[in-house]
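A.B. asks: Spelled out from the first residue to the last, the chains are:
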Amino acid sequence: MDSALGIFGSQSWLRPAGIGAASAHDLTVAMAIGLGVVFVVVMALIALAWRADTAPRGWWIWSGGVIVPLGAILLILLGSTMALLAMTRAHDDALVIDVTGHQFWWDIVYDPEGAAVRDANELVLPKDRPVTLRLHAEDVIHSFWVPSISGKMDMVPGRTNILTLTATRTGLFRGQCAEFCGVGHPRMAFEVRVLDPGAFDDWLEQTGGEARKAARPDLQDGREVFETAGCAACHEIRGVAEGARMGPDLTRIGARRSLGAGMWRMSQGALAGWIADARAMKPGAQMPGYTQLSGPDLRAVSAYLASLK
Amino acid sequence: MTQTANRTPAAYDRAPSGAHDATFEQFWQPPPGLRVLSSVSHRVVGKRFLITGFVFFLIAGVLALLVRTQLIVPENTFLDSETYNQIFTMHGTIMMFLFAIPMLEGFGIYLIPMMVGARDLVFPRIGSFGYFCYLFGGIIVLSSFLFDAAPDSGWFMYVPLTTSAHTPGMSADFWLIGITLAEVASVTAAVEIIAAILCSRAPGMSLSQMPILMWYLLVTAFMIALAFPPLIFGTVILEAERLLGLPFFDPEFGGDPVLWQHLFWLFGHPEVYIIFLPAAGMVATMLPVFVGKPLFGYGFAVAAVVSMGFLSFGLWAHHMFATGLPNMSLTLFSAASTMVAIPTGVQIFCFVATLTQGRPRLTVPMHFILGFLFIFVLGGLTGVMLASVPFNLQAHDSYFVVAHLHYVLIGGFVFPMFGALYYWVPHFTGRMMSETLGKWVFWLMFLGFNLAFFMMHLTGMRGMPRRVATYPEGIGWDRLNMLSSIGAYILAAGIALFIVDFFRHRWVGRPAGRNPWGAATLEWLYPPRSPGYNFRAIPIIHSREPLWDQPELSRGDPAGIDGALRAYPDHRRETIGCDPVSGAPIQILRLPHPTWFPLVFALGLTMIFALTLAGLYPWTMAGAVIALIGLTGWIWEPSDSGVIRQTGVAGLALPVNAVDRRSHLYVGTAGALLISFALYASILFAGLYLWNTRPLAVAQTALPEAMPAIAALAGACATPILAWFARRLAGVSRLVGAALLDLGCALAAIGAAFAVGLALAPVDPWATAFGAVGWALGVFVVLNLAVVVYWALFNALRKLAGAVRPGQTLPDLLLASFVNGTALMVAGAAVLFLVLGRMA
Numbered sequence: 001m002d003s004a005l006g007i008f009g010s011q012s013w014l015r016p017a018g019i020g021a022a023s024a025h026d027l028t029v030a031m032a033i034g035l036g037v038v039f040v041v042v043m044a045l046i047a048l049a050w051r052a053d054t055a056p057r058g059w060w061i062w063s064g065g066v067i068v069p070l071g072a073i074l075l076i077l078l079g080s081t082m083a084l085l086a087m088t089r090a091h092d093d094a095l096v097i098d099v100t101g102h103q104f105w106w107d108i109v110y111d112p113e114g115a116a117v118r119d120a121n122e123l124v125l126p127k128d129r130p131v132t133l134r135l136h137a138e139d140v141i142h143s144f145w146v147p148s149i150s151g152k153m154d155m156v157p158g159r160t161n162i163l164t165l166t167a168t169r170t171g172l173f174r175g176q177c178a179e180f181c182g183v184g185h186p187r188m189a190f191e192v193r194v195l196d197p198g199a200f201d202d203w204l205e206q207t208g209g210e211a212r213k214a215a216r217p218d219l220q221d222g223r224e225v226f227e228t229a230g231c232a233a234c235h236e237i238r239g240v241a242e243g244a245r246m247g248p249d250l251t252r253i254g255a256r257r258s259l260g261a262g263m264w265r266m267s268q269g270a271l272a273g274w275i276a277d278a279r280a281m282k283p284g285a286q287m288p289g290y291t292q293l294s295g296p297d298l299r300a301v302s303a304y305l306a307s308l309k
Numbered sequence: 001m002t003q004t005a006n007r008t009p010a011a012y013d014r015a016p017s018g019a020h021d022a023t024f025e026q027f028w029q030p031p032p033g034l035r036v037l038s039s040v041s042h043r044v045v046g047k048r049f050l051i052t053g054f055v056f057f058l059i060a061g062v063l064a065l066l067v068r069t070q071l072i073v074p075e076n077t078f079l080d081s082e083t084y085n086q087i088f089t090m091h092g093t094i095m096m097f098l099f100a101i102p103m104l105e106g107f108g109i110y111l112i113p114m115m116v117g118a119r120d121l122v123f124p125r126i127g128s129f130g131y132f133c134y135l136f137g138g139i140i141v142l143s144s145f146l147f148d149a150a151p152d153s154g155w156f157m158y159v160p161l162t163t164s165a166h167t168p169g170m171s172a173d174f175w176l177i178g179i180t181l182a183e184v185a186s187v188t189a190a191v192e193i194i195a196a197i198l199c200s201r202a203p204g205m206s207l208s209q210m211p212i213l214m215w216y217l218l219v220t221a222f223m224i225a226l227a228f229p230p231l232i233f234g235t236v237i238l239e240a241e242r243l244l245g246l247p248f249f250d251p252e253f254g255g256d257p258v259l260w261q262h263l264f265w266l267f268g269h270p271e272v273y274i275i276f277l278p279a280a281g282m283v284a285t286m287l288p289v290f291v292g293k294p295l296f297g298y299g300f301a302v303a304a305v306v307s308m309g310f311l312s313f314g315l316w317a318h319h320m321f322a323t324g325l326p327n328m329s330l331t332l333f334s335a336a337s338t339m340v341a342i343p344t345g346v347q348i349f350c351f352v353a354t355l356t357q358g359r360p361r362l363t364v365p366m367h368f369i370l371g372f373l374f375i376f377v378l379g380g381l382t383g384v385m386l387a388s389v390p391f392n393l394q395a396h397d398s399y400f401v402v403a404h405l406h407y408v409l410i411g412g413f414v415f416p417m418f419g420a421l422y423y424w425v426p427h428f429t430g431r432m433m434s435e436t437l438g439k440w441v442f443w444l445m446f447l448g449f450n451l452a453f454f455m456m457h458l459t460g461m462r463g464m465p466r467r468v469a470t471y472p473e474g475i476g477w478d479r480l481n482m483l484s485s486i487g488a489y490i491l492a493a494g495i496a497l498f499i500v501d502f503f504r505h506r507w508v509g510r511p512a513g514r515n516p517w518g519a520a521t522l523e524w525l526y527p528p529r530s531p532g533y534n535f536r537a538i539p540i541i542h543s544r545e546p547l548w549d550q551p552e553l554s555r556g557d558p559a560g561i562d563g564a565l566r567a568y569p570d571h572r573r574e575t576i577g578c579d580p581v582s583g584a585p586i587q588i589l590r591l592p593h594p595t596w597f598p599l600v601f602a603l604g605l606t607m608i609f610a611l612t613l614a615g616l617y618p619w620t621m622a623g624a625v626i627a628l629i630g631l632t633g634w635i636w637e638p639s640d641s642g643v644i645r646q647t648g649v650a651g652l653a654l655p656v657n658a659v660d661r662r663s664h665l666y667v668g669t670a671g672a673l674l675i676s677f678a679l680y681a682s683i684l685f686a687g688l689y690l691w692n693t694r695p696l697a698v699a700q701t702a703l704p705e706a707m708p709a710i711a712a713l714a715g716a717c718a719t720p721i722l723a724w725f726a727r728r729l730a731g732v733s734r735l736v737g738a739a740l741l742d743l744g745c746a747l748a749a750i751g752a753a754f755a756v757g758l759a760l761a762p763v764d765p766w767a768t769a770f771g772a773v774g775w776a777l778g779v780f781v782v783l784n785l786a787v788v789v790y791w792a793l794f795n796a797l798r799k800l801a802g803a804v805r806p807g808q809t810l811p812d813l814l815l816a817s818f819v820n821g822t823a824l825m826v827a828g829a830a831v832l833f834l835v836l837g838r839m840a
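Line order of the protein sequences matches chains A and B.
For the record, in the first sequence the residue sitting at position 309 is 309 according to our numbering, with numbers rising by one throughout.
For the record, in the second sequence the residue sitting at position 364 is 364 according to our numbering, with numbers rising by one throughout.
The hints are simulated quantities; they were obtained by calculation from the structure and are not laboratory data.
Any given hint might turn out to be false.
Label pairs and their in silico Cβ distance ranges [to be verified]:
hint, chain 1, residue 1, chain 2, residue 2, range
1, A, TRP59, B, GLY828, 45 to 51 Å
2, B, MET482, A, ILE33, 23 to 29 Å
3, B, LYS439, A, ASP128, 55 to 61 Å
Residues from chain A shown here face chain B by an in silico Cβ test under 7 Å; the list is partial [claimed, not checked]:
hint, residue
4, GLN11
5, TRP13
6, VAL41
7, ALA44
8, LEU45
9, ILE46
10, TRP60
11, GLY65
12, ILE73
13, LEU77
14, LEU78
15, GLY151
16, ASP154
17, GLN176
18, ALA178
Quick caveat: nothing in here was measured; it's all calculated off a predicted structure.
Virtual Cβ for every residue (Gly too), placed ideally from N, Cα, C.
Let the sequences and hints guide you as you build the complete structure.
C.D. replies: Encoded structure:
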């Protein structure tokens with residue numbers, strides 16, 4: 001099975017593509033250089049002290065231990081506070097997206113008060129437009145983190161945390177849960193696609209609405225398997241089976257680039273493997289294995305899901 | 001007191017059975033064979049802590065190697081996710097709770113009496129008791145592996161992952177119960193260290209003449225006393241949520257998962273400094289020895305340590321920057337966190353300034369000190385980076401933090417500790433460890449460490465989160481992880497070589513002569529291995545560096561040095577007790593001889609904990625009975641106070657066990673009250689926190705009953721008055737009347753306890769978290785009242801049984817102080833029940 005990694009961009013915070021990540025990047029570079037100099041100077045002083053044979057003075061301690069550190073930390077505090085205020089500034093025209101962490105996947109609703117387009121495990125963002133993420137958790141604490149775009153924010157049961165971010169570069173990025181959340185924690189990732197604003201609007205429009213109709217007989221068989229084998233108890237496909245929210249929304253699953261919350265490259269084969277034994281592909285996954293499905297049924301339902309673009 | 005001194009009855013100077021004609025050396029001898037388990041000597045107990053702590057260090061180190069082996073390549077299948085989670089959880093848990101804290105306690109317990117000029121700790125039995133609690137708690141935690149139920153939710157045990165809904169089975173219970181038992185050792189050690197340093201210094205040793213390590217340990221002990229209670233409260237209510245279903249952290253019932261994080265980090269942040277400070281104190285002790293000049297900036301260092309102690313309680317929330325705190329809190333905690341750079345910088349510059357004073361000797365301990373300076377300064381600087389909020393939001397829970405915390409903990413604790421082992425092991429074993437192998441150990445550890453952990457800064461910047469059992473290929477983390485794992489193996493090779501060196505030196509190490517390092521402090525007065533009584537006569541101290549400045553201490557047979565308490569008319573273990581501030585001798589402290597009672601008490605407590613874990617709740621009563629027997633046997637000893645004895649110094653005669661507020665027992669009682677108040681404050685914090693974040697659920701909580709609350713208030717006011725009169729009557733030798741007043745005090749306490757229960761009757765603890773916190777407050781003050789009842793009955797019984805002589809008012813003074821503290825807490829709770837509910 002192909003790992004999904006090949007298709008994603010970076011997860012590094014040193015190659016920023018968002019306002020928050022850019023401030024953190026600049027602070028990282030500035031502090032690493034400044035404090036690196038401090039480190040070298042202190043080590044040099046130790047080397048000098050080692051060779052010296054002289055009476056120390058009280059002002060050495062005042063200057064090295066109090067005045068210089070005080071100056072350095074005041075500079076750092078000033079820079080950090082300014083960056084923090086800029087990062088967290090609220091925007092009235094921001095696009096609102098609800099993201100809910102589950103063990104071990106992400107439920108995503110765009111514009112919850114308006115179009116309310118539900119999707120999962122893939123976050124699509126418009127470039128240069130402020131976005132307000134409302135972060136929730138279904139079961140345990142998770143943490144939403146796309147290092148290339150912004151710092152992280154925890155998702156805490158019973159709370160709604162706000163993360164304001166603005167992506168500044170189009171492309172593919174990888175996000176990952178940053179708070180230990182159980183067995184599936186290392187495999188709770190997601191993909192982030194940043195699109196130009198026009199492309200984003202098109203995408204949102206296309207993603208809303210009901211699922212694509214099953215056009216071929218084998219796909220219709222697949223839809224039938226979906227409805228009868230119990231999939232619909234947990235998963236929703238708009239226009240086919242609505243209301244279940246235990247598992248990720250599957251209305252556009254075929255359009256996603258990855259499967260298993262950012263883990264595997266999406267394909268009909270991967271889907272069939274997942275349905276047969278999700279836990280083998282992702283330890284800790286809540287979905288039971290459907291080994292009882294016959295070969296033809298498994299082929300049909302995976303072909304149907306892959307067609308849902 | 002003059003009255004009683006005149007008519008000293010013979011019973012007061014009774015020697016312990018069998019010791020009538022024992023020589024001084026004989027009654028200081030540790031008991032032979034298996035009976036050594038009954039030894040309470042600080043040397044025996046200190047070495048037990050050190051050895052057990054080191055064994056746990058090796059266990060946790062092996063777990064770390066398993067972690068690094070799993071992460072050496074991406075998508076590794078060496079360990080599955082479940083096992084990996086158990087292993088990283090146990091690695092952190094053992095390192096923090098079962099290695100670092102016990103190790104520093106071991107050094108403290110072993111060194112303090114010898115450094116301050118005492119023959120043993122002030123409360124040796126508490127040391128022994130604490131050790132057994134630690135050992136049994138550690139065994140409980142470790143035994144989870146046997147039941148395939150090792151904790152797997154991280155050493156930080158965040159809820160709701162650790163609640164029974166998300167972690168069914170017993171793994172979290174093993175953690176909560178085992179660690180709480182081990183924590184008992186930490187808080188008892190805190191009281192012990194405070195009392196030993198404040199009350200048993202040699203004549204002439206004022207606070208400003210104490211070895212610098214004593215300051216570090218004193219501040220650390222106060223921090224332990226204040227920092228562990230929030231964690232103890234947190235673990236108890238989390239266990240209550242798991243066992244009884246109380247909704248402390250459940251948002252559906254007005255609880256809050258973030259409350260756990262506050263309680264945990266209220267402990268967890270000071271904990272880091274609790275680990276670092278004693279190690280820095282050991283550096284401040286060793287470094288001047290190898291320079292050959294006193295520490296420069298003693299006053300600076302003391303001020304830095306004290307301010308670090310205070311600061312450490314104001315920055316716990318920097319572990320929680322990503323939990324959604326408002327910008328104002330973020331900025332304040334960020335500023336407070338950066339401020340730590342100042343006292344740290346002061347200490348580092350004191351060390352650097354000390355180095356300039358002479359030509360340092362590059363010994364093995366000195367290697368480790370230089371390694372400490374390199375690693376810890378780097379870790380401190382990345383700590384300043386982490387205090388910056390925008391940076392922290394990226395670095396938090398990434399490998400950058402893993403790198404930072406290992407730089408400060410391995411650099412700030414493990415390297416100084418290995419230096420300290422090379423420095424003090426000759427004191428334990430009488431032989432020197434190898435200089436050549438020691439340098440190999442250092443270089444392997446230093447290079448391996450930096451290779452392993454420097455890379456992790458970069459892995460973190462490339463976005464790798466912590467606590468992941470595996471990671472995908474091709475994301476840019478492969479090579480860095482490979483290097484980290486190789487570094488970890490090299491570091492482990494260094495530690496393995498240390499063990500080889502340790503066993504080697506026991507056989508062939510060069511015998512350590514008297515004061516092998518040319519040290520300045522009193523523990524090197526005798527040639528190692530020095531006798532168990534530490535000082536045949538307790539020397540008089542005029543200097544901070546006595547072995548350098550007082551030539552009479554280095555000349556001739558150390559047993560012949562002039563000092564106090566050479567005579568032993570009562571054939572009892574004794575040492576000099578001092579005024580806490582001036583260090584002037586004020587009393588002769590009677591020290592306990594070997595006894596099994598601390599072990600019995602610890603076994604009883606362990607039974608309570610282990611049977612709770614096993615779900616055999618009725619049987620815990622058996623444990624409670626055994627614990628009470630152990631405790632009562634322990635404290636039921638002849639009262640010695642009132643006897644006056646010659647000290648043998650300048651005609652000075654001192655009372656045995658002073659009866660005023662300078663008494664070591666009073667200091668110990670005050671220490672216990674401090675811990676109790678910290679627990680009380682933790683409960684109030686939880687209530688205030690929910691009041692603030694979940695006002696709706698608070699408003700839905702039923703009000704406590706008013707009349708019983710008023711009755712509890714009245715009972716709380718009555719107890720101190722009765723205890724005060726009991727003390728007055730005992731002072732004028734009306735023992736029966738005093739005993740009756742003690743009984744009255746016990747009755748009032750029982751009444752107050754019932755009133756607290758009645759007041760809380762309408763509050764359903766399962767309905768809201770706020771109600772559950774109210775019950776926690778009630779249960780806590782009732783437990784304190786139970787101690788008052790036990791104590792008052794004990795005092796009354798001893799008066800009626802004739803175990804207390806006229807004029808011996810110390811037991812009454814101690815009870816009265818504890819009653820005052822308890823009454824304050826009960827009254828506070830009663831007022832809260834009356835007022836808070838009616839404000840909403």
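A.B. asks: Indicate, hint by hint, whether the structure satisfies it.
C.D. replies: Hint check results:
1. A:TRP59 - B:GLY828: 45 to 51 Å: 48 Å, holds
2. B:MET482 - A:ILE33: 23 to 29 Å: Since B:MET482 and A:ILE33 have Cβ atoms about 28 Å apart, the given range 23 to 29 Å holds.
3. B:LYS439 - A:ASP128: 55 to 61 Å: 58 Å, holds
4. GLN11: Since the shortest Cβ distance to chain B is 3 Å, the answer is holds.
5. TRP13: 5 Å, holds
6. VAL41: 10 Å, violated
7. ALA44: With a closest approach of 11 Å, the A:ALA44 hint is violated.
8. LEU45: 6 Å, holds
9. ILE46: 6 Å, holds
10. TRP60: Check passed: Cβ of A:TRP60 comes within 5 Å of chain B, closer than 7 Å.
11. GLY65: Since chain B brings a Cβ to about 3 Å from A:GLY65, closer than 7 Å, the hint holds.
12. ILE73: At 4 Å from the nearest chain B Cβ, A:ILE73 passes the 7 Å test, so the hint holds.
13. LEU77: At about 6 Å, which falls below the 7 Å cut-off, the nearest Cβ of chain B leaves the hint on A:LEU77 intact, so it holds.
14. LEU78: Violated: closest Cβ of chain B sits about 10 Å from A:LEU78, beyond 7 Å.
15. GLY151: 3 Å, holds
16. ASP154: With a closest approach of 5 Å, the A:ASP154 hint holds.
17. GLN176: Status holds, d = 6 Å.
18. ALA178: 4 Å, holds
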